[in-house]
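K.L.:
What follows is the residue order along each chain.
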Amino acid sequence: MKASKPMIVAVVTVAALLLATGKPASAQETGARIEIKAHSFETPELTVPTGTTVTWINHDDDSHTVTSTANVFRSPGLDTDETYAYTFTRPGTYEYYCTLHPMMTGKVIVRSPS
Amino acid sequence: MSERSGVDRRGFLRCMAWTGTGLLWSVSGGVLSSQTIGAAEAQSATATFSFAQISDTHIGFKGEANRDAMATFEAAIARIKALDPKPAFLIHTGDITHGQKAGAFDVAREALKGTGIERTFYVPGEHDVFADGGTEYLDRFASGRPGRGWQSFDYGGVHFVGLVNVLTYKAGGLGSLGTEQLEWLERDVSGLSASTPVVVFAHVPLWAVYPQWGWVTDDGEQALGYLKRFGSVTVLNGHIHQIMQKVEGNVTFHTARSTAFPQPAPGAAPSPGPMKVPVETLRGVLGIREVTYAPGRNRLAVVEGSLA
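Protein sequences, first through last, are from chains A and B.
Here the first sequence is numbered in our numbering, starting from 1 and rising by one per residue.
Here the second sequence is numbered in our numbering, starting from 1001 and rising by one per residue.
It is possible that part of the hints are untrue.
In silico DSSO-like cross-links for lysine-lysine, where the CA-CA straight-line distance does not exceed 27 Å [unchecked claim]:
| hint | chain 1 | residue 1 | chain 2 | residue 2 |
| --- | --- | --- | --- | --- |
| 1 | B | K1246 | A | K37 |
| 2 | B | K1113 | A | K37 |
| 3 | A | K37 | B | K1101 |
| 4 | B | K1062 | B | K1081 |
| 5 | B | K1081 | A | K107 |
| 6 | A | K37 | B | K1081 |
Covered stretches of chain B (in silico footprint by chain A; criterion: 3 or more residues with CB under 8 Å from a CB of chain A, positions within the stretch not fixed) [as the list claims (entries may be wrong)]:
| hint | region |
| --- | --- |
| 7 | 1057-1066 |
| 8 | 1089-1100 |
| 9 | 1127-1134 |
| 10 | 1217-1226 |
| 11 | 1281-1293 |
Simulated from the structure, these hints should not be mistaken for laboratory data.
Quick caveat, the model's predicted, so the values are computed rather than measured.
Quick reminder that beta carbons are idealized off the backbone N, C-alpha and C, glycines included.
Only chain A is shown next, with the shape it has when bound in the complex:
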């Protein structure tokens, strides 16, 4: 269900941040949520720093997917209340859509922390 390999990368990233700054990095600082409601991604464009784990949650009665147009990530079908998480480790613009309802599109912009 969850992308396990990128999650490991996220843990490593958080550890590296701790070492670099000496401050604890809370989960909130590296996490973001995108709600899926009424056949749309509620935050169609989201900008996050590298290392952020983005979690999509489906609130619809219908199934949806979160599928990268460039095949970077691909969720299984998400039924009601199911989630999918992906950790973005490289800067870039990641466009995605729902393979069941291709009118539903969104993008995550990942920036290096300055």
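Given chain A, work out where chain B should sit, using these hints.
P.N.:
Same frame as chain A, now just chain B:
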């Protein structure tokens, strides 16, 4: 409903021209029908037959819109089994499964044996191919067939074409047939006499029902272009979980009900998701369809059967 009550002038003139080539046309309730006369009759069927259409069974759906989609699926099977005369075959216009979960295709196929009908022709819906790009579906339902699942066959003088318009879904996109399939279709019908009745079935509507919700096949017009010369074309679709009919020239379009859950009329809700209706009215908006062809009557009779 976007049903048209009349026949446009161009369509009417084309039909008038046909009366000189062996077809006698009549207009009934806005739907064209014809009777073959003379030589054309030799190519027609010799016996009346019917077939059934089932659509959008969504095996595995367990949302609020229908807490027991398996029970309504079973009710649809019983409804088909009770059809008299027995349909020659069954057409499933896609979204066999809801989430393409393991075993769902088997559940559908096994249950459909309960109709007592030996042969079912399938086309996929997006719910049947989204998880793996169609690998499992094609392996199970289209192995040994050229192309990617599209098919044609003849029965009782009628030419049937099953099109696949869900394998090239792209971000922001719509149902689509693709160049390879369009070329195949053009070749497939090129040798047929214009008096051959044609039935086309596909999941996503081939006409623009409501593009804002993706209820359209972007290259559907091109496919219909290859069928314009035929005197009787019946297009059967699923996907939108409600009955709609439209007549355009000699083409009659029908969308089918689901056996799992209804969807809102175009634009009647913020999104096209499953529509919740009072439990006691649910079966009245789910259903199956019986289609009958009679020699000499090119218009196929379409009868809707609800599960109520």
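K.L.:
Are 3 or more residues of the region 1057-1066 of chain B near chain A, judged by a Cβ distance of less than 8 Å?
P.N.:
holds (count 4)
K.L.:
Decide if the proposed pair is consistent with the structure: K37/A and K1081/B, CA atoms, cutoff 27 Å inclusive.
P.N.:
Status violated; Cα separation ~39 Å.
K.L.:
Confirm or reject the coverage of the region 1089-1100 of chain B by chain A under the rule of 3 or more residues with a beta carbon closer than 8 Å to the chain's beta carbons.
P.N.:
With 3 residues close enough to chain A, the hint holds.
K.L.:
With a cut-off of 27 Å on the C-alpha distance, tell me whether K1081/B and K107/A pass.
P.N.:
violated (48 Å)
K.L.:
Holds or violated: K37/A with K1101/B, Cα cutoff 27 Å?
P.N.:
Since the Cα atoms of K37/A and K1101/B sit roughly 23 Å apart, the hinted pair holds (cutoff 27 Å).
K.L.:
Is the straight-line distance between the alpha-carbon of K1113/B and that of K37/A 27 Å or less?
P.N.:
Answer violated: K1113/B to K37/A is near 38 Å, above 27 Å.
K.L.:
Do at least three Cβ atoms from the region 1127-1134 of chain B come closer than 8 Å to Cβ atoms of chain A?
P.N.:
holds (count 3)
K.L.:
Take a quick look at whether K1062/B and K1081/B sit within 27 Å of each other, Cα to Cα.
P.N.:
holds (25 Å)
K.L.:
CA of K1246/B to CA of K37/A, is that 27 Å or under?
P.N.:
violated (32 Å)
K.L.:
State whether the coverage of the region 1281-1293 of chain B by chain A holds or is violated, taking the criterion as 3 or more residues with Cβ-Cβ distances under 8 Å.
P.N.:
violated (count 0)
K.L.:
Tell me if chain A covers the region 1217-1226 of chain B under the three-residue, 8 Å CB rule, please?
P.N.:
violated (count 0)
Of the hints listed earlier, those the structure fails to meet are numbers 1, 2, 5, 6, 10, 11, in rising order.
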